[in-house]
Amino acid sequence: MAEFLSLAEGIEAVLSDGASVAMEGFTHLIPHAAGHEAIRQGRKRLTLIRMTPDLVYDQMIGMGCAERLIFSWGGNPGVGSLHRLRDAVENGWPNRLELEEHSHAAMANAYEAGAANLPFAVFRGYKGVDLPKVNPKIRSVTCPYTGEVLATVPALRPDAAIIHALKADREGNVLLEGIVGVQKEAVLAATRSLVTVEEIVDDFGERNANAVILPSWTVTAIAHVPGGAYPSYAHGYYKRGNDFYIAWDKIARERDTFAAWIKANVLEQGPEAFARYAAPARQAA
Amino acid sequence: MAEFLSLAEGIEAVLSDGASVAMEGFTHLIPHAAGHEAIRQGRKRLTLIRMTPDLVYDQMIGMGCAERLIFSWGGNPGVGSLHRLRDAVENGWPNRLELEEHSHAAMANAYEAGAANLPFAVFRGYKGVDLPKVNPKIRSVTCPYTGEVLATVPALRPDAAIIHALKADREGNVLLEGIVGVQKEAVLAATRSLVTVEEIVDDFGERNANAVILPSWTVTAIAHVPGGAYPSYAHGYYKRGNDFYIAWDKIARERDTFAAWIKANVLEQGPEAFARYAAPARQAA
Amino acid sequence: MSHTHTEMMTVAAARLLTNDDVCFVGIGAPSAACNLARLTHAPKITLIYESGTLSTRPSVLPLSIGDGELCDTALTTVSVPEMFRYWLQGGRITIGFLGGAQIDRFANLNTTVVGPYDAPKVRLPGGGGAPEIASNCGQIFITMAMGTRAFVDSLPFITSFGHGAGKGDREKLGLRTRGPTKVITDLCVLEPDPETSELTVVSLHPGVTREQVEAGCGWTLRFAADLAETPAPTAQELDVLRELHARTRKAHGVAA
Amino acid sequence: MSHTHTEMMTVAAARLLTNDDVCFVGIGAPSAACNLARLTHAPKITLIYESGTLSTRPSVLPLSIGDGELCDTALTTVSVPEMFRYWLQGGRITIGFLGGAQIDRFANLNTTVVGPYDAPKVRLPGGGGAPEIASNCGQIFITMAMGTRAFVDSLPFITSFGHGAGKGDREKLGLRTRGPTKVITDLCVLEPDPETSELTVVSLHPGVTREQVEAGCGWTLRFAADLAETPAPTAQELDVLRELHARTRKAHGVAA
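Protein chains in written order, with my numbering: chain A, 1 to 285; chain B, 1 to 285; chain C, 1 to 256; chain D, 1 to 256.
FYI, nobody ran anything at the bench for these hints, they're computed from the structure. Ideal Cβ placement from N, Cα and C applies to all residues, glycine included. One should not assume that every hint holds.
Example chain B residues on the side facing chain C (calculated, C-beta under 8 Å, incomplete) [what the hints assert, rightly or not]:
#: 1; residue: P77
#: 2; residue: E90
#: 3; residue: G92
#: 4; residue: W93
#: 5; residue: P94
#: 6; residue: N95
#: 7; residue: E101
#: 8; residue: P136
#: 9; residue: K137
#: 10; residue: V141
#: 11; residue: L150
#: 12; residue: V201
#: 13; residue: H224
#: 14; residue: F244
#: 15; residue: I251
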């Protein structure tokens, strides 16, 4: 059964130095507050896993939390580069960052295989491209019926999955809705999981019979962090902070502006700083 | 885009003699009316595919529609045997029926692989059991990372999928809800598909963002057949005819009682005969 | 309060379940046992039916694996491919229930065929979920009524794997799950012997003799040295079970 | 009505789309083109974004692949594994849009790295969905602004496969899809030559000269014998496109 913890306790409970962690979110529901807490707690030598590492991983990489990144697209969506990621890869600052690079299809299949407790996934991919030349984890199997050679990827089985969701009920069940990405698979594939939520409700009430729900017994810990996805968004709660994505390009471009921003907005803050993003749209809703 | 047809036209459009067909439904939403129409149209030499062949396949087998059955559990749920299926397998009446037998896990994975346009599926199964000795389609692959040997099953790619669903909208999109089984996968895996529905609505209105919907362009034909799942049920429309499942045991036990029942209830009826099952619960709902 | 053999079987199975269990429930005795546990000592037990219903809490017993009641009272309902991939194969089930037409002394089960596969004497329904339930759940509880046609010396077909030909066979196949740990019958409870994995009677239901049990088994049955008597159903257990059946009859017009 | 190069590119791409198409849409020019087509001549076109939104009908352009607007106006939204398995790999997409940092004469694309992979000069975002979009969609439309840093003689890294080293290379890999059939730029439209698969300019946008196009390309560019002029955007096309951008600006506070 999921335990209700503070965000600080939750990060302590699921994320240790040297662990592999999937902090997933596909534009929607990216767990920014949890990433900030990991920075505050000074996590080191993490293997960061995510299909679309964006600002929160840029921040963690820039603060030296990571030694490895497993990913398929690393950019600031609609804006450009992740400068901290590039500084780590191109210049080894603040430390070398090893890359394990896949395609989206491969990553999605790898999470799916992890959730299904399989050691690998099979898919039709990577035809004619260079990525298999630089990633020895990309291999193949032959179909025992047709002889077709198909691509494989090892299942992702992170030590921890950290996601942000809309609601938990008092029993610790977690409701996802809207663009659900690979978050359910990430939690089911991981050994431990932390879910930050916008709201804790007595029960979910009337809902679609096939609602996307993680039962309490599949989740390690839940922390109530309203606004915790900002500048990503929580459907029905608040909108994406598009301005901040644009602003990040400038903040992250130089090491010193980055460090100053982290000091003022992460190190000297707590999870309650996110509440202000949750408030206005909630009133509007 | 899905075409709106009568049931008779729909069966003509998607199901030809000698075809492979998946008429799926997992207790809920079994396409009985469509099966009766196939019997009326005298379809022959079909390969019937279903995880849980029950009464409607018993009827089709007893009427000589099928030469082959791909399945994982063939019984009258909670009641006992399917006597027409047994008569075909044990005595070759009215014709020999070839069996291709799998487990539920294998069938579910095979539909999933078909929907995903893969030639086969990998799963962890059949450990220590006899089915692989009698089904040469059960093979294996070796994980290219761990060396583990895993079971495989060829993808199911039926010529036709026939399912019953709750609602279609005027554009031909199809809404499934409740126990959804493998119906979405069956339609996506098949070359052609027919969906019988309880209701045609202008639009689906307010719904969960992640509702289970087959877009119009994935469906070949839609026929409006209220009550068309009876004695199976349609969630929110009418309940399962448990009495009929029990009564079927006696009807199907002997060839002549079976033939008489089919004559009176299938051959001399049309799809409109199912409407009476839809009516009462609808009023109650 | 007097009770039937079937009630004793259901109660004995129910008592083995705890709040921490996640059960993959079959129709019939397993469903009654799991829901009895939920309505008595294990209110937080998690019940999953292979039709896709997660954490379901039916007020009446389902007649089929996919009754609307299971869906209406579930936390949520997933597709069948997801059920078999993420939930069963995913290793999230602590206890799977199985039954069968036939069982052997190592708790292997047959639900496929009597006689040769290609020329069957009796064609049974087949394995359904059983082969992978048997291998992927943490442990397996088997519920079956005894009788010499069911408890047989040798199976014509192994539909689901128990302990193979004895101790260590599961490990040889790479299975990390425990397999059948309890067989709950209408007359007694059996467990695999810790040394040999052969099914051994560990407790007789009240009023049942060794001879009755032996007469219901097609092989020479072993009894534990410290053979116990299964505690009789309590009045509360029987009340709750009978109320459950009464509600079920009222809802369905038939018993589940 | 005068227009910009980018407007011309968007309009030219939009015109290639029909009511029967199922498009896998990327952010930026493809999104604008697909929605312009939907709001003009192809109201029944099906738009899919890789975030999982099926048959979406946004009233404003999304800033990201996963904007709430896409989900709010979608028929339904599926998980990302399902999107890549059932929908993209499932072969249900008729047209995929791609762009990239670099393209070569056979429409192979690089969005991974400039310089050696292990010691990059510029680390680009990576392939994302591109490798499998390029192989699994019925055909690929590429939208890119011309320039010698983008249209290069040789790619340092092939992120997604176009026509390889020329005609027949797709077939050799077992690919049954058509690959890139159109490259729509700010200056012209290119198509693979039917004999060689080398990209060939088939139409120049109004007012653009051969020399301008040649100056924006890093290889010696071929021109079709029957080189056409791209019809200028109509007033209606420009109106609808500009209204779409205006609504987008109003909704987001920025242009998409």
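So, going through the hints one by one against the coordinates:
no. : hint : result
1   : P77  : holds (4 Å)
2   : E90  : holds (6 Å)
3   : G92  : violated (10 Å)
4   : W93  : violated (13 Å)
5   : P94  : violated (16 Å)
6   : N95  : violated (16 Å)
7   : E101 : holds (6 Å)
8   : P136 : violated (13 Å)
9   : K137 : violated (15 Å)
10  : V141 : violated (15 Å)
11  : L150 : violated (10 Å)
12  : V201 : violated (21 Å)
13  : H224 : violated (22 Å)
14  : F244 : violated (12 Å)
15  : I251 : violated (17 Å)
Hints 3, 4, 5, 6, 8, 9, 10, 11, 12, 13, 14 and 15 from the list above are not met by this structure, while the remaining hints are.
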